[in-house]
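Engineer: Chain by chain, the residues:
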Amino acid sequence: MVTKAARPRKRKIVVRGPGKTSVTLIVNGETHEVLVEPRRTLLDALRKDLGLTGAKKACDEGTCGACTVLLEGKPIYACMALALECDGRTIETIEGLARDAKLHPIQEAFIEEDALQCGFCTPGQIMSVKALLDENPHPTLEDVKRAVSGNLCRCGAYPKIFKAALRAAELLRSRS
Amino acid sequence: MRSFEHVNAPDIKTAIALLREPATEAIAGGTDLLGELKARLRSPRRLVNLKTLSNLREIRYSPKAGLRLGALVTLAEIERHPIIRERFSILAQAAASAATPQLRNMGTLGGNLCQKPRCWYYRHRLFHCWLKGGDRCFAEDGENKYHAILGADRCHAVHPSDLAPALIALEATVRVVGPDLDGEISLAELYTKPTESHRRMTMLGPGELIIEVRVPPPKKNARGVYLKAMERGSWSFALVSVAVQMSLEGKRIADARIVLGGVSTIPWRAKGSESILIGQEFSMELAERAAEAAIAGAQPLRDNAYKVSLAKSLVKEAVGSLAS
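Residue numbers (my numbering), protein chains in the order written: chain A, 1 to 176; chain B, 1 to 324.
Read the hints as simulated data drawn from the structure, not as lab findings. The reader is advised that the hints may include incorrect statements.
What the hints assert, rightly or not - Subject to a maximum C-alpha distance of 30 angstroms in a straight line, what follows is the list of computed BS3-like cross-link-like pairs (lysine-lysine): (1) Lys145(A) / Lys219(B); (2) Lys20(A) / Lys145(B); (3) Lys116(B) / Lys220(B); (4) Lys163(A) / Lys145(A); (5) Lys38(B) / Lys64(B); (6) Lys64(B) / Lys219(B); (7) Lys20(A) / Lys193(B); (8) Lys271(B) / Lys48(A); (9) Lys64(B) / Lys145(A); (10) Lys51(B) / Lys12(A); (11) Lys74(A) / Lys51(B); (12) Lys316(B) / Lys193(B); (13) Lys12(A) / Lys145(B); (14) Lys64(B) / Lys312(B); (15) Lys74(A) / Lys271(B); (16) Lys316(B) / Lys48(A); (17) Lys20(A) / Lys51(B); (18) Lys116(B) / Lys57(A); (19) Lys102(A) / Lys20(A).
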């Protein structure tokens, strides 16, 4: 009788792609199933597959911040993440901020302080400020500067962006 | 990006086996790799995702063993960790100075240590430079404002990591594993100048990975500083950076380790500066001599002579700030 020698346990590997594969993205509290190639970035999945065009595609190489979204509450560049690797994870985009046709206090503060000119970087700026205020309701000016240091504003609206972030912190504190 | 297959690594062993296959690349934070793929510097057939190796995410500390960092720890986690900030402050400072908040949330320790150079010829698809297998370094007599001033040979790119100089100053070691490899080496040894037959910025070959970084407990009375000269206040690679870790007994310098970034193909240990300092009473005149020694043998190119005086000033300033 032959007994099988103990063989090292082989873990099964799952190869996905290069064609489309199913991915679950939880965006602004809603679960979406999308079919994407592994090379699809999270940014393209949001914009092209889900029609959420708030996160902007500008540099598409992780240098400008216009595509900033929150992944599990933390700001990231959606252009430098693969959609596939966000499978089952929580994503927040600018579209998730307004509720019942009412703007989020950060959005209100950006309008109140006139914290934009062309507006292209604004969704990313606001998401970086959102991540800061979710974690720290009492930020200093320095905290704000650091929080948006990965978001380029070519119009140079930073002084007003800083003011808006501090104003938003006040608004949020007064309403909580 | 060209299309590719994607596999989540179930365990380290399988990851190594998968990475031995041709046209296969590892992805962790992805912030460096996706840049290369988008620029079509390479077009792998398959990516192996290391982020699923959840046992490589831990930060552990004990006063006896020191610090142990899994390769998947993010730069943001290093920057914010209270013990790292308190006891290994140059590491926290270096992490906080790198890239942007978004990239620090994505980028990993292992990826930061193994990142590819920022040299614009290397990053441009149409320049088949020596490091990419070509026959010349275009920076040598080209646009070389950001390139090496010390110890460069066939390639004049600089190693872009902020964490590497800080960790080498802290005497870190790394555990590297591969098809025929499992051992601990000093982080300084990981960085070897690229050679004709090994055109890479580290000694690692295909399928070889850093899985853990270990930092011994800080020496008695040790303090450190990481200074980084940048073109802008954020999202800039170092023009020159310096990590200095020193132990002082009164005014006497008992120990010193000085490592420069942005000046060479590898993180540049300034041993000459260290030996001038060790055992001596601190004075600004001594700091000046140590700073001079740091740039001994510098060979600036057409556009980067400014780095020589910048490196010298940074070393002097860093040493001075720790002693006073």
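Engineer: Would you list, in rising numerical order, the hints stated earlier that this structure does not obey?
Structural biologist: 1, 2, 3, 5, 7, 8, 9, 13, 14, 15, 16, 19
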